[in-house]
Amino acid sequence: MSDPYEKLAELGLKLPEVVPPVAAYVPALRSGDHVYVSGQLPMADGKLLATGKVGAEISAEQAKELAARCALNGLAALEWLVGLGKVVRIVKVVGFVASAPGFTGQPGVINGASELFGAVFGEAGKHARSAVGVGELPLGSPVEVELIAEVRD
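Going by the numbering used here, 9 is the number at position 9 of the sequence shown; the sequence numbering is gapless.
It is worth saying that the hints were derived from the structure and are not from the lab. Watch out, some of these pointers could steer you wrong.
[What the hints assert, rightly or not] Listed below are the simulated EDC-like cross-link pairs for lysine to aspartate or glutamate, each with C-alpha atoms no more than 16 Å apart in a straight line: (1) 86 - 150; (2) 86 - 136; (3) 64 - 153; (4) 92 - 45; (5) 47 - 17; (6) 126 - 136; (7) 126 - 150; (8) 7 - 146; (9) 92 - 61; (10) 86 - 10; (11) 126 - 146; (12) 92 - 10; (13) 14 - 33; (14) 92 - 146; (15) 7 - 153; (16) 92 - 33; (17) 126 - 115; (18) 7 - 79; (19) 86 - 153; (20) 64 - 115; (21) 14 - 57; (22) 86 - 45.
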């Protein structure tokens, strides 16, 4: 597996600070060889980058970029708990898309997260996935991404 820190640098990305929980939960939790990362919103510098429904106020392309930001925030939570160097693979990604009526492009939106994990971890970034359309997300966010990673000591 490639070095995730080098890959982030090549992509011109820096890990942000861990996004503080907006309710009663922790950003990430380890159980055995897996880390469960709570749903991540597209936050930067303590602010939600956009609000609205995908297919109405938010374009599918913009939502894909927001999903990549959710993934970056998920990597920050992994770094905070165990360090990216301990990640063996990304096992599962679940993406939620606040969808306008008739919008069916959820898989393309969540590709923003999946593609980032692939770029950072190579083959180890390939994962099982669900992309789900929903009526509303916390704080009016257009997207939310959670993940499960396998880790080693």
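Do the hints match the structure? See the list:
A hinted pair counts as satisfied when its Cα atoms are at most 16 Å apart, and residue 86 with residue 150 qualifies at roughly 8 Å. For the suggested pair residue 86 and residue 136, the alpha carbons sit about 34 Å apart, so the restraint of at most 16 Å is broken. At roughly 33 Å between alpha-carbon atoms, residue 64 and residue 153 are farther apart than 16 Å, so this suggested pair is violated. Our distance criterion of 16 Å between C-alpha atoms is broken by residue 92 and residue 45, whose separation comes to about 27 Å.
With a C-alpha separation of about 12 Å, the suggested pairing of residue 47 with residue 17 holds against the 16 Å cut-off. Restraint check: the Cα-Cα separation between residue 126 and residue 136 comes to about 28 Å, which exceeds 16 Å; the hinted pair is violated. At most 16 Å may separate the alpha-carbon atoms for a hinted pair to count; residue 126 and residue 150 meet this at roughly 12 Å. Distance hint between residue 7 and residue 146 is unfulfilled; the C-alpha atoms sit about 21 Å from each other, more than 16 Å.
About 23 Å separates the Cα atoms of residue 92 and residue 61, which puts this hinted pair outside 16 Å; it is violated. Our distance criterion of 16 Å between C-alpha atoms is broken by residue 86 and residue 10, whose separation comes to about 20 Å. The hinted pair formed by residue 126 and residue 146 meets the criterion: a straight-line CA distance of about 15 Å does not exceed 16 Å. Using a Cα cut-off of 16 Å, the hinted pair residue 92 and residue 10 is violated, with the two alpha carbons roughly 24 Å apart.
This hinted pair does not check out: residue 14 and residue 33 have alpha carbons roughly 26 Å apart, beyond 16 Å. At roughly 8 Å between alpha-carbon atoms, residue 92 and residue 146 fall within 16 Å of each other, so this suggested pair holds. For the hint pairing residue 7 with residue 153, the CA-to-CA distance comes to about 21 Å; that exceeds 16 Å, so the pair is violated. A hinted pair counts as satisfied when its Cα atoms are at most 16 Å apart, and residue 92 with residue 33 qualifies at roughly 14 Å.
A distance of roughly 9 Å separates the Cα atoms of residue 126 and residue 115; the hinted pair therefore holds under the 16 Å criterion. Proposed proximity of residue 7 and residue 79 is supported: the alpha carbons are some 14 Å apart, at most 16 Å. Taking the CA atoms of residue 86 and residue 153, the gap is near 6 Å; set against the 16 Å cutoff, the hint holds. Between the alpha carbons of residue 64 and residue 115 the distance comes to roughly 10 Å, so the proposed pair stays at or under 16 Å and holds.
With a C-alpha separation of about 28 Å, the suggested pairing of residue 14 with residue 57 is violated against the 16 Å cut-off. A distance of roughly 26 Å separates the Cα atoms of residue 86 and residue 45; the hinted pair therefore is violated under the 16 Å criterion.
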